[in-house]
Amino acid sequence: MASTTPAPAVATARDAELFLSVEDLKVHFPTEDGLVKSVDGLSFELRRGEILGIVGESGSGKSVTAQAILGLHKGSRARISGHIWLDGRDLVPLSDEEMRGVRGSEIAMIFQDPLSSLHPFYTIGDQIAEAYRVHNKVSAREARARTIEMLEKVGIPNAPGRVDDYPHQFSGGMRQRAMIAMALICQPKLLIADEPTTALDVTVQAQILELIKDLRDELNSAVILITHDLGVVAETCDHVVVMYGGQCVEKGSVDDVFELPEMPYTWGLLGSMPRMDRVRQERLTPIPGQPPSLINVPTGCVFNTRCRFSDHVEGRRCFTEHPQLLPTAPGHEVRCHIEPEERRRLFELEIKPKL
Amino acid sequence: MTTTSAAPGAATPPAGAPLLEVRDVRKHFPGRSAGLFGRRGNPVKAVDGVSFALHQGETLGLVGESGCGKSTTGRVIAKLIEPTSGSIRFQGKEIADLSTGQMRPLRREVQMIFQDPYSSLNPRHTIGTIVGSPFRIQGAHPEGGIKKAVQGLMERVGLNPEHYNRYPHEFSGGQRQRIGIARALALRPQLIVCDEPVSALDVSVQAQVVNLLEDLQNEFGLAYVFIAHDLSVVRHISDRVAVMYLGKIMEITDRDTLYEAPMHPYTHALLSAVPIPDPTVEARRERILLTGDLPSPSNPPSGCVFHTRCPKYRDQLSDGERERCRTEEPVLEDKRPGQSVYCHFAEVRSDIIDGEAPAPRSTGIREVIRKTAAGAPGTGIE
Amino acid sequence: MIRFILVRFAGMILVVFIVSVLTFGIFQLAPLLSHTSPVYYYTGKVPYPPGSPQLQALIHRFGFDQPIPVQYWQFLTGIFGKTITDGTSAPVQCPFPCFGYSFRQNDLVSTLIGNAWPVTLSLCIGAAILWLVGGVLVGTFSGLKPGSFVDRAGMTGALAAVSLPIFFTGPVLLLLFVYTLGWLPGTGYVPLTTDPLGWFESMLLPWVSLAFIFAALYARLTRSNMIETMGEDYIRTARAKGLDRRTIVVKHGLRAALTPIVTIFGIDFGTLIGSTVITESVFNLRGLGYLSIQSVRQQDLPVILGVTIVAAVALVIANFIVDVLYAVIDPRVTV
Numbered sequence: 001m002a003s004t005t006p007a008p009a010v011a012t013a014r015d016a017e018l019f020l021s022v023e024d025l026k027v028h029f030p031t032e033d034g035l036v037k038s039v040d041g042l043s044f045e046l047r048r049g050e051i052l053g054i055v056g057e058s059g060s061g062k063s064v065t066a067q068a069i070l071g072l073h074k075g076s077r078a079r080i081s082g083h084i085w086l087d088g089r090d091l092v093p094l095s096d097e098e099m100r101g102v103r104g105s106e107i108a109m110i111f112q113d114p115l116s117s118l119h120p121f122y123t124i125g126d127q128i129a130e131a132y133r134v135h136n137k138v139s140a141r142e143a144r145a146r147t148i149e150m151l152e153k154v155g156i157p158n159a160p161g162r163v164d165d166y167p168h169q170f171s172g173g174m175r176q177r178a179m180i181a182m183a184l185i186c187q188p189k190l191l192i193a194d195e196p197t198t199a200l201d202v203t204v205q206a207q208i209l210e211l212i213k214d215l216r217d218e219l220n221s222a223v224i225l226i227t228h229d230l231g232v233v234a235e236t237c238d239h240v241v242v243m244y245g246g247q248c249v250e251k252g253s254v255d256d257v258f259e260l261p262e263m264p265y266t267w268g269l270l271g272s273m274p275r276m277d278r279v280r281q282e283r284l285t286p287i288p289g290q291p292p293s294l295i296n297v298p299t300g301c302v303f304n305t306r307c308r309f310s311d312h313v314e315g316r317r318c319f320t321e322h323p324q325l326l327p328t329a330p331g332h333e334v335r336c337h338i339e340p341e342e343r344r345r346l347f348e349l350e351i352k353p354k355l
Numbered sequence: 001m002t003t004t005s006a007a008p009g010a011a012t013p014p015a016g017a018p019l020l021e022v023r024d025v026r027k028h029f030p031g032r033s034a035g036l037f038g039r040r041g042n043p044v045k046a047v048d049g050v051s052f053a054l055h056q057g058e059t060l061g062l063v064g065e066s067g068c069g070k071s072t073t074g075r076v077i078a079k080l081i082e083p084t085s086g087s088i089r090f091q092g093k094e095i096a097d098l099s100t101g102q103m104r105p106l107r108r109e110v111q112m113i114f115q116d117p118y119s120s121l122n123p124r125h126t127i128g129t130i131v132g133s134p135f136r137i138q139g140a141h142p143e144g145g146i147k148k149a150v151q152g153l154m155e156r157v158g159l160n161p162e163h164y165n166r167y168p169h170e171f172s173g174g175q176r177q178r179i180g181i182a183r184a185l186a187l188r189p190q191l192i193v194c195d196e197p198v199s200a201l202d203v204s205v206q207a208q209v210v211n212l213l214e215d216l217q218n219e220f221g222l223a224y225v226f227i228a229h230d231l232s233v234v235r236h237i238s239d240r241v242a243v244m245y246l247g248k249i250m251e252i253t254d255r256d257t258l259y260e261a262p263m264h265p266y267t268h269a270l271l272s273a274v275p276i277p278d279p280t281v282e283a284r285r286e287r288i289l290l291t292g293d294l295p296s297p298s299n300p301p302s303g304c305v306f307h308t309r310c311p312k313y314r315d316q317l318s319d320g321e322r323e324r325c326r327t328e329e330p331v332l333e334d335k336r337p338g339q340s341v342y343c344h345f346a347e348v349r350s351d352i353i354d355g356e357a358p359a360p361r362s363t364g365i366r367e368v369i370r371k372t373a374a375g376a377p378g379t380g381i382e
Numbered sequence: 001m002i003r004f005i006l007v008r009f010a011g012m013i014l015v016v017f018i019v020s021v022l023t024f025g026i027f028q029l030a031p032l033l034s035h036t037s038p039v040y041y042y043t044g045k046v047p048y049p050p051g052s053p054q055l056q057a058l059i060h061r062f063g064f065d066q067p068i069p070v071q072y073w074q075f076l077t078g079i080f081g082k083t084i085t086d087g088t089s090a091p092v093q094c095p096f097p098c099f100g101y102s103f104r105q106n107d108l109v110s111t112l113i114g115n116a117w118p119v120t121l122s123l124c125i126g127a128a129i130l131w132l133v134g135g136v137l138v139g140t141f142s143g144l145k146p147g148s149f150v151d152r153a154g155m156t157g158a159l160a161a162v163s164l165p166i167f168f169t170g171p172v173l174l175l176l177f178v179y180t181l182g183w184l185p186g187t188g189y190v191p192l193t194t195d196p197l198g199w200f201e202s203m204l205l206p207w208v209s210l211a212f213i214f215a216a217l218y219a220r221l222t223r224s225n226m227i228e229t230m231g232e233d234y235i236r237t238a239r240a241k242g243l244d245r246r247t248i249v250v251k252h253g254l255r256a257a258l259t260p261i262v263t264i265f266g267i268d269f270g271t272l273i274g275s276t277v278i279t280e281s282v283f284n285l286r287g288l289g290y291l292s293i294q295s296v297r298q299q300d301l302p303v304i305l306g307v308t309i310v311a312a313v314a315l316v317i318a319n320f321i322v323d324v325l326y327a328v329i330d331p332r333v334t335v
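Going line by line, the protein sequences match chains U, A and Z.
Per the working numbering, the first sequence starts with residue 1, numbered consecutively.
Per the working numbering, the second sequence starts with residue 1, numbered consecutively.
Per the working numbering, the third sequence starts with residue 1, numbered consecutively.
Hints are computed from structural coordinates only; laboratory data are not their basis.
Computed spacing ranges between beta-carbons, pair by pair: (1) Z:Pro146 <-> A:Glu143: 49 to 57 angstroms; (2) Z:Lys145 <-> U:Arg89: 25 to 33 angstroms; (3) Z:Thr263 <-> A:Gly92: 49 to 57 angstroms; (4) A:Glu321 <-> Z:Ile2: 41 to 49 angstroms.
Don't be surprised by glycine CBs; every beta carbon is placed ideally from N, CA and C.
Here chain U stands alone, though its shape is the one from the complex:
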């Protein structure tokens, strides 16, 4: 797996190399029950041509992050703070109308369920052409030609014959290809794929991931791939952000994080999924308990209610002091109070043998 050496984490947003830089992003939703802190202080960087994986379980804030980057929360009651630098421009203060010019042309997104994400009453071709014509002053005929070209590029056989089909006439894989064609028709610099293969069969998933990688190479776009499947990350991504309770708990290059994960939550994720490539374990090692409420986030470490290793920290710091996301190796950051040497020792001795 190709992997570029990540730049130091303290790189500024205006660094020419950086293409997307999210700084201390917070997305809070006021509700009757209290303030839901869906994303709470998230930072990451992305360069062109890179694929960044954001992993986490439901409620970890990964989808909310994606929608915040696209500005889909604008106009709602969500409170958003921090910075989202895209090519040197901060997207957070933009109005919904200003953001409209960015959506689809500079940032595009594909979603989990391609059937419900396509309008049932319009043809595939109409919906893709519409995305092109919003941002390009072209005739209907030109848009249609471009649409067919895109459908061919994403591997729809007999594209001219199928451009007038309705979404329900496509198979699940075809629909996701059509969504990708729609997302890429304006050649966006950033593609956000939110669980793009979760609703698909594993054979189709392989095709779609392959397609995303090919298109990344061709267009030199940056890609954010949101998933709950660590296998998909290992297969597709260059960098990974592990999210839990609205926070990043570990991030780094895919090679580093899979070779030597240091956050107990990452260990938990790896341990709870059965693996085909290892000797079959008699029992899986689930993470005990349930994810935290995002209204009453635990004081101290957000993972402390489910962590088996808090006794490896002096005193009760896991329950009193919120750990910082600190570098443990170049480009590898971990949010955990356990000393780095102790974490590595624990992983080698207790975790790795059981994976």
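Fit chains A and Z to the given chain U structure using the hints.
The following block gives chains A and Z in isolation, referenced to the frame of chain U:
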């Protein structure tokens, strides 16, 4: 498909008669009728000649893409729908053509768990009512009363018995699946058909439920038919695995053989598509991509139903061999002891998961299988 | 598509047939329950005592002594035209669609209905346009911002409108605009063909009062559909494309939100044709509703039968149009 003499894929059948024996079961749904007086369209062959056997305490995994007929097979076994033809013997008794009334005493022996724990639980009933409903329906009077029995069950599946009077929406996804399991367990069944029981759950919770299912199996000697599309979970939980495509079994064998020495090109493609959470392994693996869409089950291809998407047919076979695939339908038969494969040109490949043929490890039965597998890499058994 | 239409059409014929059997059955049953001969209801005149030879002759003349299936067959074929005579006055030619002769009103039933239906149709179509436009507009704006001031005002208004019956709103409107302000002429129907402006003026208040209730229902329906639709994934996709808000709401939102309304509208409209009694009474419009209530009062069975069948046909046609329309709007409906 013709029925093989012994249950397919059972190398050394465990002693005793099988708990469940399915022979050449078909489920064809009527095609859409065209017009008021129009002719019926072709029937949809959702399940088209499936045979297997299952012993007490054993788990059979059913895998395949959506639309392959695995869920329909599960429903036919649980007699939620009637098979079109074929034989289903449960504890030696033919149940395929039993009426609903005749099935009632057997219902307590065969239970089902569904994918979506929420939609299968009545939102207006309390957990106590839901878990206790099998007792009431069957008119059973457990010792100490229904409430005590239900609370015992709740405790056993890891729910707090004090939550007896709560409603399904007050529980998380994983807890709801535990409720479904408790309900299925109430009448001490012999067999539970699990239809995608963990697919809707987060990984960490999924592991909790998988562990629970395994514990219950050991405790009560349950047999499972475990239907799932996640091949890693199926490997973890199953003793034997059947791979289905277009209503037919492509390959059925014991778990280790299937994952370490699969023979059917479809099994190869399926296994190669599962991403593995290890970038180093991922980098060296070959991904066998299937092209095209699933053919319609109402109009399956001639000859081998898989030939239209078969990578081997496409890339490796000669014209004469292809002719055979197109015209002659293969039979699910033992290509190696205990490994039944529906393919004219079945061939062992052991590099699918690791990206390279593994070095022998020394662990009992796995060793034996590896040796058999190692003897044949790259050589056609055919 | 053509086969789909043919199948639906066949179904339509079947429904009308069943309705005709049922109404004919009532025709037979009503005299039976009151222990009289159908001829009393049929002619409306009781010139002869029961059992008299003259009555027997009359019964024979109208065929009420024949077996019921034969009578039904004659009723059915009679619709396509027949000659009616009571033996005393000159025979009357009754062309298609012939529902017989009203001896109480001394006219062909088809003529009575023919005079009445333009009134009812004017009323229904005008009201329908009003309630559709009003209801959908209020519902859309409410549904786009649930909980906002617009939404609360709209829904409070709708609640009030639903709770106001026509026999209240009608007279109040009349009192205000006709008798107090004098902006509009009095009640009664002015045919569209003779005086379009007069027609409009005469129908305006009936339209408004009839549309009121329906507009309220449609506003609530549109609102809930709109809220649901704007939460759909494809609306998120439309936003992600960078579409402007108007395109998102109108092209992607409304199109989907209004589809179920088409179905309900067809049924409502079809039902309305036979049930505008109150509005017609309040505004003194001689439409189908007025005709039917009058014939019920007079026990004028031929007219009741005629109106029933016309109302049934209207409902069935409305349903048929909805089905076809639905298949055109929603490509997922298989035809």
